[in-house]
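Trainee: Okay, here's what each chain looks like letter by letter:
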Amino acid sequence: MRFGVIVFPGSNCDQDCFHALKDVLKQEVDYIWHKDPSISGYDCIILPGGFSYGDYLRTGAIAKFSPVMKSVIREAKKGKPVIGICNGFQILLEAGLLPGAMLRNRNLRFICKYVYVSVENSREPFTKLFSPGDILKIPIAHGEGCYYADKETIKRLERQGQVIFRYCDSKGMSTESANPNGSLGNIAGICNEEGNVLGMMPHPERSSEKVLGSEDGRRIFQSILKEVL
Amino acid sequence: MKQKAKIYITLKKSVLDPQGNTVRHALNSLGFKEVEDVRLGKYMEIKLNSKIKTSIENQIRKMCDKVLVNPVIEEYTYEIEGEK
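First to last, the protein sequences are chains A and B. Every letter in the first sequence is one number past the one before it in our numbering, and letter 12, counting from 1, is 8. Every letter in the second sequence is one number past the one before it in our numbering, and letter 34, counting from 1, is 90.
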């Protein structure tokens, strides 16, 4: 399977994603420079974390106009799996591929730590290998990860099973104290209606090897492999 | 005639503004007990040349809707000033 990791000016998790896919999962991976609009040869597109365009204006607001994003939007609408991690999630929100927006963390701090998230929905292609209720230990690293959408949108996401990950405690309870950033409904990751576009604030690429403290993130990538191959 | 647009962007009333709350607390604790609420936002000045064919207001609204403002969480107002 062939992955494309998009590199925007200011991306900084592109190499981590590349490493996880190439060296850990033994898959074909290429970097795609944001000015290169040709992404049709890839089975799955990754928008990595970082600070594209220095987070100027709003997180992801400038990156959405990068030449590659037109192709990403077109291919995503055709059903290609696209996963946005952290800043990648923010870009997908700004690009309108996922509903809602990100606000400053409730405590106004940049938070970099391991958290627990529960898998809310076992869906193709990203969480096929999980069962609802599975708990993952996976790190977050962001200043603007407080997920917000209007009430109707939140209701629709919940009803249609588009909430994929939720911040929780070590026992899987989505409590207020387990919510690191103030996200509505403890939401840590959502997908589009069709299910082929996933946005998540936690970093699976940073939790794909034992030496990093957790291997839980790797199963998200493995789910994609199982689905597409 | 060159013109200048002043754009004010704030979080919607329905959206929690933790920065504004922090500033309000700071003002209150400095003795400004009359401060009830603070909302933080962005201010932009955009200078425009005279090449605009349609109305300036139209162009400014287009810029706001397309990139400057995220309508999910933000709202905006603007003023247009002439400069001779």
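In case anyone wonders, no lab produced these hints; they're calculated from the structure. From the three backbone atoms N, C-alpha and C, an ideal C-beta is built for every residue, glycine too. Certain hints may be false.
What the hints assert, rightly or not - Here are the simulated DMTMM-like cross-link-like pairs (lysine to aspartate or glutamate), alpha carbons at most 25 angstroms apart as the crow flies:
| id | chain 1 | residue 1 | chain 2 | residue 2 |
| --- | --- | --- | --- | --- |
| 1 | B | K98 | A | D146 |
| 2 | A | K31 | B | E130 |
| 3 | B | K103 | A | D51 |
| 4 | B | K62 | A | D51 |
| 5 | B | K68 | A | E172 |
| 6 | B | K89 | B | D121 |
| 7 | A | K22 | A | E172 |
| 8 | B | K122 | A | E189 |
Said to hold, decoys possible - Output of the computed footprint for chain A on chain B, the stretches with three or more beta carbons under 8 angstroms from beta carbons of chain A:
| id | segment |
| --- | --- |
| 9 | 65 to 77 |
| 10 | 82 to 89 |
Trainee: K62 (chain B) and D51 (chain A): Cα distance at most 25 angstroms?
Mentor: This hinted pair holds, its Cα atoms lying about 22 angstroms apart.
Trainee: Between K22 (chain A) and E172 (chain A), is the straight-line Cα distance small enough, at 25 angstroms or below?
Mentor: violated (38 angstroms)
Trainee: Tell me if the straight-line CA distance from K103 (chain B) to D51 (chain A) falls inside 25 angstroms.
Mentor: holds (23 angstroms)
Trainee: Going straight from one Cα to the other, do K31 (chain A) and E130 (chain B) come out at no more than 25 angstroms?
Mentor: It is violated: about 29 angstroms lies between the C-alpha atoms, which goes past 25 angstroms.
Trainee: Are K122 (chain B) and E189 (chain A) close enough, with their CA atoms no more than 25 angstroms apart?
Mentor: holds (24 angstroms)
Trainee: How about the segment 82 to 89 of chain B: do at least three of its residues have a C-beta closer than 8 angstroms to a C-beta of chain A?
Mentor: Contact hint for the segment 82 to 89 of chain B vs chain A: violated, 0 residues under 8 angstroms.
Trainee: Holds or violated: K89 (chain B) and D121 (chain B), Cα atoms, limit 25 angstroms.
Mentor: violated (37 angstroms)
Trainee: Under the criterion that the straight-line Cα-Cα distance not exceed 25 angstroms, is the pair K68 (chain B), E172 (chain A) satisfied?
Mentor: The given pair, whose Cα atoms are some 23 angstroms apart, holds under the 25 angstroms limit.
Trainee: Taken at face value, is the distance from the CA of D146 (chain A) to the CA of K98 (chain B) at most 25 angstroms?
Mentor: holds (22 angstroms)
Trainee: For the segment 65 to 77 of chain B, count the residues whose Cβ lies under 8 angstroms from any Cβ of chain A; is that count three or more?
Mentor: Coverage by chain A holds for the segment 65 to 77 of chain B (6 residues, Cβ < 8 angstroms).
Of the hints listed earlier, those the structure fails to meet are numbers 2, 6, 7, 10, in rising order.
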